[in-house]
Amino acid sequence: MYGHLLILCTVILVSCNEVKKDYFFPKTNKRWFAAHKIEKINDNYEDLSDIDKPRGTIQPLLKIHYYQSDFKSVSDCLFYRVATLNDGVISVVENPKNLDCKELFLTLPYAKQVKIQNFGITINGDVLKLNIDKKSFEYKLFNIPKPRIEKVLNSSNEVSILFASPVQTKVVPNFLNNGSLCKVVEDDCSVTLNECSRCRGASYFIINSKCYKGFSRVCGIDHCGQKNKPACIRGVQTSEMDMSFYCVNDSPVGFCNEGLRVVCINGTLECE
Amino acid sequence: MLKYLVSIISKSWGIILLIVIALLAYYFSQVKAKNEVKVDYLGELRDLSEVLNEAWLKGSAPELPRENFQCDLINLADKLYHSDFLHCNPTYIDCLTSSVGIIKIGKKKYKKLDFYMDEKQSPILTYMIGKEKFSIKLIDTCKDTYLPSGKYSAGVKGKDNLWDNIDQIVYIDKNYRTNLDVSYWNQNIEKPIYAPSTNLTHKEMERYCNSIGRQLLQARFLDAASFFPSNDAYFFKHRYHFSKRARIEIEKVSTTDCGNLYTKECESVKPYLFQEPVALSWMGLHNVLGNYPEVVTNKFYPNQNLSESSFFYNWDSEVHQIGLRVDWSAKQEVKGAFRCMVTF
Numbered sequence: 000m001y002g003h004l005l006i007l008c009t010v011i012l013v014s015c016n017e018v019k020k021d022y023f024f025p026k027t028n029k030r031w032f033a034a035h036k037i038e039k040i041n042d043n044y045e046d047l048s049d050i051d052k053p054r055g056t057i058q059p060l061l062k063i064h065y066y067q068s069d070f071k072s073v074s075d076c077l078f079y080r081v082a083t084l085n086d087g088v089i090s091v092v093e094n095p096k097n098l099d100c101k102e103l104f105l106t107l108p109y110a111k112q113v114k115i116q117n118f119g120i121t122i123n124g125d126v127l128k129l130n131i132d133k134k135s136f137e138y139k140l141f142n143i144p145k146p147r148i149e150k151v152l153n154s155s156n157e158v159s160i161l162f163a164s165p166v167q168t169k170v171v172p173n174f175l176n177n178g179s180l181c182k183v184v185e186d187d188c189s190v191t192l193n194e195c196s197r198c199r200g201a202s203y204f205i206i207n208s209k210c211y212k213g214f215s216r217v218c219g220i221d222h223c224g225q226k227n228k229p230a231c232i233r234g235v236q237t238s239e240m241d242m243s244f245y246c247v248n249d250s251p252v253g254f255c256n257e258g259l260r261v262v263c264i265n266g267t268l269e270c271e
Numbered sequence: 300m301l302k303y304l305v306s307i308i309s310k311s312w313g314i315i316l317l318i319v320i321a322l323l324a325y326y327f328s329q330v331k332a333k334n335e336v337k338v339d340y341l342g343e344l345r346d347l348s349e350v351l352n353e354a355w356l357k358g359s360a361p362e363l364p365r366e367n368f369q370c371d372l373i374n375l376a377d378k379l380y381h382s383d384f385l386h387c388n389p390t391y392i393d394c395l396t397s398s399v400g401i402i403k404i405g406k407k408k409y410k411k412l413d414f415y416m417d418e419k420q421s422p423i424l425t426y427m428i429g430k431e432k433f434s435i436k437l438i439d440t441c442k443d444t445y446l447p448s449g450k451y452s453a454g455v456k457g458k459d460n461l462w463d464n465i466d467q468i469v470y471i472d473k474n475y476r477t478n479l480d481v482s483y484w485n486q487n488i489e490k491p492i493y494a495p496s497t498n499l500t501h502k503e504m505e506r507y508c509n510s511i512g513r514q515l516l517q518a519r520f521l522d523a524a525s526f527f528p529s530n531d532a533y534f535f536k537h538r539y540h541f542s543k544r545a546r547i548e549i550e551k552v553s554t555t556d557c558g559n560l561y562t563k564e565c566e567s568v569k570p571y572l573f574q575e576p577v578a579l580s581w582m583g584l585h586n587v588l589g590n591y592p593e594v595v596t597n598k599f600y601p602n603q604n605l606s607e608s609s610f611f612y613n614w615d616s617e618v619h620q621i622g623l624r625v626d627w628s629a630k631q632e633v634k635g636a637f638r639c640m641v642t643f
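Chains as they are written, first to last, in the numbering used here: chain A, 0 to 271; chain B, 300 to 643.
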């Protein structure tokens with residue numbers, strides 16, 4: 000009698016455990032199909048196709064940005080406890096405040112995969128694959144932007160439709176104020192900030208670096224050329240400016256309204 | 300024997316019951332898991348979005364016909380506007396989807412639950428798929444067009460005010476912003492809704508464009524989009540966008556002429572259609588000259604911000620010239636249309 004009961008309990012427990020495992024894909028896919036950006040967040044891995052080191056440690060791997068039901072952008076963080084034998088664990092944590100994933104190490108995950116021996120990730124265009132031992136979870140990411148085609152008669156918007164996940168979390172508004180830099184192009188042309196979608200409205204270019212092929216951007220209405228406002232951009236090629244020396248008064252790479260002159264103040268070309 | 304059997308059955312009864320309960324629990328949990336694993340809603344979502352997208356871009360779809368179209372603001376029988384007005388039009392798609400009610404795709408039916416617009420005037424439609432609410436955002440791919448990167452010259456004459464947009468990606472509205480567009484921003488519905496918005500001040504135009512993530516069109520960009528492109532060595536500036544002739548003498552204006560430049564005479568030649576793609580430039584801008592007076596921001600000469608070329612002037616008027624502008628503040632009686640632009 001007790002033997003039977005024991006077997007029964009084992010069957011129930013095992014079956015429950017199986018069900019829990021199966022929830023991982025539907026739970027994550029319900030959010031990630033609306034992903035518009037997949038960010039690799041661990042510089043220690045050049046390639047994520049086979050993650051086997053350092054064993055026993057928890058590694059943040061991906062930040063998945065997606066639209067929740069009100070089209071606010073939120074994100075999930077994917078962590079992996081690297082397997083020593085078959086004890087690897089994938090955990091996915093909700094990140095509505097869009098924090099650095101490292102701050103969410105101890106947060107309770109909403110989806111988990113356990114008893115993993117081998118794990119790898121591949122991202123190919125708009126398809127994300129999690130390869131877990133012998134199975135593979137494939138996510139089709141509908142909102143990943145296509146590369147812009149710079150061609151006459153093309154629109155500024157490459158897609159005419161975006162999808163939202165039915166999931167809704169409380170999101171703290173995260174706008175940049177007018178006048179804030181939203182794109183920063185450094186002297187070596189590296190882009191260290193690129194978040195102009197966080198401006199409440201529009202953004203515009205300013206000249207504040209030696210880069211010869213790109214400009215930083217500021218949120219707000221473009222008042223370039225006016226007194227005490229940034230200089231408008233004439234262009235590097237047209238001005239034939241050696242950008243190493245862009246920061247000089249009357250710099251030809253910028254221009255101002257009639258009657259004003261270009262000056263360089265704190266590295267930015269302005270009008271005076 | 301019978302007694303023995305009954306005793307065995309009664310002893311086992313509890314165990315059998317437990318097994319049955321366990322099996323049922325297992326069965327139902329598996330069924331639930333199976334349903335969760337099924338992700339058919341994505342296929343349905345795609346089907347629904349394709350139908351909505353077709354109607355958004357083309358004005359209708361087989362599953363979203365216009366037959367029972369009802370709308371407080373848009374009258375389909377109105378012959379004063381061009382069909383372009385209905386493309387990428389949030390009010391129209393709201394009315395169309397409400398008029399149709401339930402969208403039928405194959406055997407599936409989808410009920411519209413909600414409609415609203417985001418801060419940049421993109422409509423968001425919510426539908427029930429399975430047991431979940433899914434929202435679809437429709438993005439405007441109809442209104443603007445690409446200005447190729449290159450060297451350009453601003454103003455009426457030769458090599459004045461050279462500049463370039465190399466390493467800048469620029470898109471300009473093909474046509475004027477309408478009363479309907481602006482009403483989403485200031486909640487003030489001016490009629491006719493398909494007419495260009497001409498009641499805003501310069502500052503309001505700037506603020507409106509900013510609200511949708513754009514800037515008021517700048518004069519030098521309009522010039523670049525209007526003059527035939529030239530090589531780097533010499534900027535030859537033709538007066539018109541449709542001809543290289545310096546002056547075109549016309550005794551009687553024809554329909555074709557009005558398609559190139561809608562002037563005062565055209566009102567008796569060709570019925571005026573709001574939002575009609577006429578007076579096209581080399582890169583797809585409409586109404587480069589003629590039609591409505593147009594207000595811009597001029598970064599070289601701030602006071603030259605109004606192009607007077609419009610249907611208020613005859614064909615032979617001097618005002619019909621690309622790049623020619625006057626001070627709008629000195630012509631307060633003139634109501635100007637405007638467009639927005641965006642750079643990346």
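Think of the hints as simulated: they come from the structure by calculation, not from any bench.
It is possible that some hints are incorrect.
Below, in silico cross-link-like pairs of lysine to any residue (SDA-like), each with a Cα-Cα straight-line distance of 20 Å or less [said to hold, decoys possible]:
{"hint": "1", "chain 1": "A", "residue 1": "Lys71", "chain 2": "B", "residue 2": "Phe414"}
{"hint": "2", "chain 1": "B", "residue 1": "Lys450", "chain 2": "A", "residue 2": "Gln167"}
{"hint": "3", "chain 1": "A", "residue 1": "Lys169", "chain 2": "B", "residue 2": "Lys432"}
{"hint": "4", "chain 1": "B", "residue 1": "Lys634", "chain 2": "B", "residue 2": "Lys543"}
{"hint": "5", "chain 1": "A", "residue 1": "Lys145", "chain 2": "B", "residue 2": "Tyr571"}
{"hint": "6", "chain 1": "B", "residue 1": "Lys458", "chain 2": "A", "residue 2": "Gln236"}
{"hint": "7", "chain 1": "B", "residue 1": "Lys430", "chain 2": "A", "residue 2": "Lys226"}
{"hint": "8", "chain 1": "A", "residue 1": "Lys145", "chain 2": "B", "residue 2": "Lys450"}
{"hint": "9", "chain 1": "A", "residue 1": "Lys71", "chain 2": "B", "residue 2": "Lys419"}
{"hint": "10", "chain 1": "B", "residue 1": "Lys450", "chain 2": "A", "residue 2": "Gly213"}
{"hint": "11", "chain 1": "A", "residue 1": "Lys226", "chain 2": "A", "residue 2": "Asn173"}
{"hint": "12", "chain 1": "B", "residue 1": "Lys410", "chain 2": "A", "residue 2": "Leu140"}
{"hint": "13", "chain 1": "A", "residue 1": "Lys169", "chain 2": "A", "residue 2": "Pro108"}
If we take Cβ atoms under 8 Å as the criterion, some of the chain A residues that face chain B in the derived model are [as the list claims (entries may be wrong)]:
{"hint": "14", "residue": "Ser72"}
{"hint": "15", "residue": "Ser135"}
{"hint": "16", "residue": "Phe136"}
{"hint": "17", "residue": "Lys150"}
{"hint": "18", "residue": "Ser154"}
{"hint": "19", "residue": "Phe162"}
{"hint": "20", "residue": "Gly213"}
{"hint": "21", "residue": "Ile220"}
{"hint": "22", "residue": "Phe244"}
Fair warning: this is a prediction, and the values are worked out from it, not measured in the lab.
No residue lacks a Cβ here, since even glycine has one placed at the ideal position from N, Cα and C.
Cut-off 8 Å, beta-carbon criterion: hint that isoleucine 220 (chain A) touches chain B = At about 5 Å, which falls below the 8 Å cut-off, the nearest Cβ of chain B leaves the hint on isoleucine 220 (chain A) intact, so it holds.
Pair hint lysine 145 (chain A) and lysine 450 (chain B), alpha-carbon separation not exceeding 20 Å | violated (27 Å)
Restraint status (C-alpha distance of lysine 145 (chain A) to tyrosine 571 (chain B) at most 20 Å) | violated (38 Å)
Mind checking the alpha carbons of lysine 430 (chain B) and lysine 226 (chain A) for me, to see if they're no more than 20 Å apart?
-> violated (58 Å)
Decide if the proposed pair is consistent with the structure: lysine 71 (chain A) and lysine 419 (chain B), CA atoms, cutoff 20 Å inclusive.
-> holds (13 Å)
Please work out if lysine 410 (chain B) and leucine 140 (chain A) have their alpha carbons no farther apart than 20 Å.
-> Violated, at about 25 Å.
Report holds or violated for the interface hint on serine 154 (chain A), using the least CB-CB distance to chain B and a cut-off of 8 Å.
-> Because about 4 Å separates serine 154 (chain A) from the closest Cβ in chain B, which is inside the 8 Å limit, the hint holds.
Taken at face value, is the distance from the CA of lysine 543 (chain B) to the CA of lysine 634 (chain B) at most 20 Å?
-> Answer violated: lysine 634 (chain B) to lysine 543 (chain B) is near 30 Å, above 20 Å.
For the pair supplied as a hint, lysine 169 (chain A) and lysine 432 (chain B), confirm whether the alpha-carbon distance does not exceed 20 Å.
-> Between lysine 169 (chain A) and lysine 432 (chain B) the Cα gap is close to 17 Å, so the pair holds against 20 Å.
Take a quick look at whether lysine 169 (chain A) and proline 108 (chain A) sit within 20 Å of each other, Cα to Cα.
-> holds (17 Å)
Would the pair lysine 450 (chain B) and glutamine 167 (chain A) pass a check requiring their Cα atoms to be no farther apart than 20 Å?
-> violated (47 Å)
With 8 Å as the cut and Cβ atoms as the points, is phenylalanine 244 (chain A) at the interface with chain B?
-> violated (19 Å)
Consistency with the previously given hints fails for numbers 2, 4, 5, 7, 8, 11, 12, 14, 15, 16, 22, ordered from lowest to highest.
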